[in-house]
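Read top to bottom, the protein sequences are chains A and B. Quick note on the numbering used here: the first sequence kicks off at 1 and runs consecutively. Quick note on the numbering used here: the second sequence kicks off at 1 and runs consecutively.
It should be emphasised that the hints constitute simulated quantities derived from the structure, not laboratory data. Among the hints, a few may not be true.
[As the list claims (entries may be wrong)] DSS-like mimics (lysine-lysine), calculated; alpha carbons at most 30 Å apart, straight line:
#, chain 1, residue 1, chain 2, residue 2
1, B, Lys129, B, Lys142
2, B, Lys35, B, Lys415
3, A, Lys52, B, Lys87
4, B, Lys393, B, Lys34
5, B, Lys129, B, Lys148
6, A, Lys90, A, Lys126
7, B, Lys101, A, Lys52
8, B, Lys393, A, Lys52
9, B, Lys415, B, Lys357
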Amino acid sequence: MVTTAHDRRVKISITLLRILIGWHFLYEGIVKLYNPEWTSFGYLASAQGPFKSIFHSLTSPSLIDWVDTMNVTALLVVGITFILGIFEKKGALVGIGLLSLYYLAHPSLPGVQQINVEGNYWLVNKNLIELAACILIYNYPTAHFFGLGHFRKGQLTKTQ
Amino acid sequence: MNWTRRDLLKGLGGLPILGAVWWAGAASVVNRKKKRSEILNQLNISPSLPPAIPGIDGNPVRIGIIGFGIRGEQLCRSLGFATDEWKEEMRLAEEEDPNNKVLEDFLAQDRLNVNLAGICDVFDVRAEKALRSFSTPENKIKRFTTYKEMIHSGEIDAVVIATPDHWHAPMAIEALNNNVHVYVEKPMTHTVEETYRLKEAAQASKATLQVGHQHRQTLSFRTARDIVEKGTLGHVSLIQTNTNRNDDNGAWNYDIHEQASAQTIDWEQFLGSAPKIPFNKNHFFRWRKWWAYGSGLSGDLLTHDYDRLNCVLNMGIPDAVSASGGIYTHNDGRNVPDVLQVNMEFPRFSTGSSQSKGKEKGMTFCYSASLGNSFGRPTILMGHDATMELGNKLTIWPDTASTRYADMLEAEKMKPHIPIYQYNPAANVPDAISSATSQYFADKGLMWTYIDGVRVDSTFLHMREWLSVIKNGGKVSCGIKEGFEEVISAHMAGLSWKLGRRIEWDSENEILKPIEGVNFDEVLLFNGKWEAPNKILEG
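Isolated chain B (complex conformation) (with noise of 0.2 Å):
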């Protein structure tokens, strides 16, 4: 066969044209490739794993529920037990949005090796909804009137409080002195004086306390914590942290329930140590806005913010903190404040520095809150090296001036406005989040962290570990350290906007600095705004 030149061209000379093509996508993606290793050998950071936790095996853990409210029944669910209420509540929500697995991933959870064995909530619809939903034949739960009761029975191996917060710690204390162990939800207390007796019965008690702090589970704040470690920010001196809120629910202005009356509720009960006044539902259901009984944004979700950045850094209690703000966005009756503004000055705290020793030192964090506006401010870890972005996803960009990543700066290996890396563990996760409230917690890491690309309920996970602990010895991530590190620092902040000024600690005494004529529980507990007693001062 003869072919000739122009045979040759006309029938082949796709072929280069396919050699460069080929070669062009392949080499474009290799380089892509390569700078990027590049980039992520000097970080060296490898994304956490979930520890291994031991088995709960054994008799089933008996436990108690101390608050069947809204967290009360998050919680229980997290334990394995949902009503039938909202089973029913979450498959019409699938069935409206078939990306919403809310149900699915209640049902996919893992057993835990737990009885429900008793129920304590002043208000009879509550208890008696808890014991529809999950009394048996089989396993029967008993219903207490009192958290003493419960505690004493010596049927109850351990209790979950999910009670407004003036109740956290009478009845944390009492469990721990019966040995009885103990989930608690945040803040942990209400006073500065109980925070230390709760860390008392805590350190003399065998039972194992957990402070419900469910995101020190959260995959992304261990794989932040080795990047910090690594110094991959250089020097953190300012924190941003917010929280955004504009609705009512987030504004804890929640429903209140038909059936609430002075037969249904035990009044005395809910009050407990806060002042003595008439029954009042607005109080009961919407306590998280008085003083009273609870603590306003510092100890809602500031709590959620300050120790979401101690387990990553770990830098404890500040050495002073000062608050403003007020009531600017819910004038309607509440005494707590609905905009926020926190500082707590950590001057001896350093994440280490990649410039000349002592140059660099101390840091700010800094809370913002607003119950008015709910445009998403992100938290970001400023570090003269790279900006941190934290929630359940992690990004990091470097900074046009950092000393670490000067080299590779100049030679574009790196750009500012680009990061140098991110960790989205939910990517190939669809979600469906229904309400504001919980994206604000989602988009924070709050309410799930995702292992091999499935998401796991976190409060699930802190419960299991707890219940680890409790069978097979060991460590919480939220004990007691971590709690009185966060309620302290909460206090702190109310303290500081009730007085005005601003709240020093004494670290070495492990006390807050006194201030002249001023009680501090007497102004935690004060409904309303303190203001210093004049006339003794003069006096």
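Only chain A is shown next, with the shape it has when bound in the complex (with noise of 0.2 Å):
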């Protein structure tokens, strides 16, 4: 009994987790969305770090425009899937990927120039944060718990 209690608080505390981190990905993919001026182009351009020659290719003009599709599709993916609760694997591994990628453009290595941001990193920052936060997701899914999953065989209540 004891258990269960516990796992269900578990649960909760990660179903909301999910949501908020699909709330967080959603909005920012809706702005954009509805943003035609909005591009990556000023992102990308100032990327720093080892890897900052392939970020900095990206924004060649024959690229750019499907760089900012596949950004504002993944964010969206995240949103929906995270917040409706449906393919939250997938969606998990897309924020992880999406995360990687923002992660390496503006790392926050001891020595490179910090752009843009609001407050002090070593090696961590917030976007290294929510991607671990999607791997516990990516682990741990609750959609069956909370979301479209329920309607998934076998975890409707019981009923006479």
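Combine the two chains into a complex, taking the hints into account.
Here it is in structure tokens:
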């Protein structure tokens, strides 16, 4: 009985985490989706760290539109899967991938200039923490507990 | 299948959250856009597009280059001719910094229908460099010993003059009198008297004169003109424009070539009308530091700022000019000031007013320069309704006390610290600029402009326009009228500094108001700060 209550608290906590991350991703995606002037150009062009040349190359006119579309799509995918609670493992993988790119483009490495950041970071920054949270969501799915996944077979409340 | 309320809550609980976040995101963007378009609709500003230039067809224009120094080489590149040495230098610069696209831009530049046919430079090394770089078996370039020889040869259709200032007018006049087209660097002349002679020659000539103020091609300035004409700024009462440099190159201490000697330089020809002094390498390579050959800050850099604004406002020659300053940062034997403040008065000028009729009229153009500090003070136009920062980028802020925007400010649709308009054609173009001096020119919109997000050398556009007018007729952007206004204003500033008094313009008679006992040209040519000949005055 103790274990069940404990499990339930863990489930609720992780579900809350999932919803909040989904909320964050979805809002970012929507704001970019509805703003035709938005572009990831500045973010990529100002990339720092060991992979900066790769990120700079993404700013080329032939690639940038594609990069922007991919970025918005990925944000929406994570947002929708996390909030609705469906295909959340796939969504978590997309989130992990996207956050890795964000982290690598502007890593919090010593000696690397921090651009447009509101705090002070050493190796660990908020992107990395959110990434770790996505790993947790990947490994501990909660869609069956709260989300469309609940309608999947075997999850429904037993009725007479 | 039976679903309980609990199932529905657990299964579909995410939907309202999704809807709420989606709505909030979309609403915030749409709302922001609405506010923005409301402001933009009121301002009604549209970024200018480059004018269509008729092609330069037919036989190539045969061009003679007079002066193949730093600027001469730059002008040749705009015409499509770069030396091997420069290409190698740029290749290395690109290796060091992949963002440095100077060579790439040069190679991508459209070809102009021109033939480099002649070169004239009093320094053998430079003339030979031009021949070595540009002369080919199919197109032999001829070296002329003097500009007269070149102009009278019949082998040249047009000359590009990039010499010290004291040679600009004599060469341009000679060419125009012989119907040879002229592209002359600024300032157009070195004395007041020759300014009038050049004006007459240009008006009488069948040839086309273009003064080298390439920024007239900069699209942001054309947009700025539209902004001012629409009354966006209200009455502009003050313009602040500046020169901020703090390096040797910016203070005209250019390199002295190791092969320079009395044998390799035709010193007599270099001197021309200047005082006869023995051969002096310092004077030859760093001529901008002496009034005998150059015109100091007022002729060299003020002219850029003045003409940039004249291009936007078309304000003409100031009624009065007063200047002050001195040699405070580079006391190295020069006699032109390195710190200079110039106030130009336009008491009858107005950019329009949003207030009661007659309340606002008149403007001061304030130029402030130092060669001892490089803090980037921007060019700003200060109007009753808004302030505009002018460069390759344009930014406009509403003024707290604006009459025109009072309602929008009251409704907080505009906020004084938030720009109401920003024009940045370079936003998507990464730039790598190598030197402080090029950064200085680039920020001012003097080096290049952006067409459809592509960086284009504005000197190339200026040259192309000149060549097109030569072939097809029409009007150049910086002809004799603009050149006359630019150089008279610059001379007024130089005279004011030298005399320590206010210089006035008689717009009715189109002359400088005479000052008793002062010969303006004598003052301009005097190699040093001129002092009034008291004895004559007293006598």
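Here's how the hints hold up against the structure:
1. B:Lys129 x B:Lys142: holds, 13 Å
2. B:Lys35 x B:Lys415: holds, 12 Å
3. A:Lys52 x B:Lys87: Within the cut-off at roughly 27 Å; holds.
4. B:Lys393 x B:Lys34: Satisfied, since the Cα-Cα distance of roughly 24 Å is no more than 30 Å.
5. B:Lys129 x B:Lys148: holds, 21 Å
6. A:Lys90 x A:Lys126: holds, 22 Å
7. B:Lys101 x A:Lys52: Holds. Lys101 of chain B to Lys52 of chain A sits at ~18 Å (cutoff 30 Å).
8. B:Lys393 x A:Lys52: Roughly 27 Å between the alpha carbons, so the hint for Lys393 of chain B and Lys52 of chain A holds.
9. B:Lys415 x B:Lys357: The given pair, whose Cα atoms are some 27 Å apart, holds under the 30 Å limit.
Taken one by one, the earlier hints all hold for this structure without exception.
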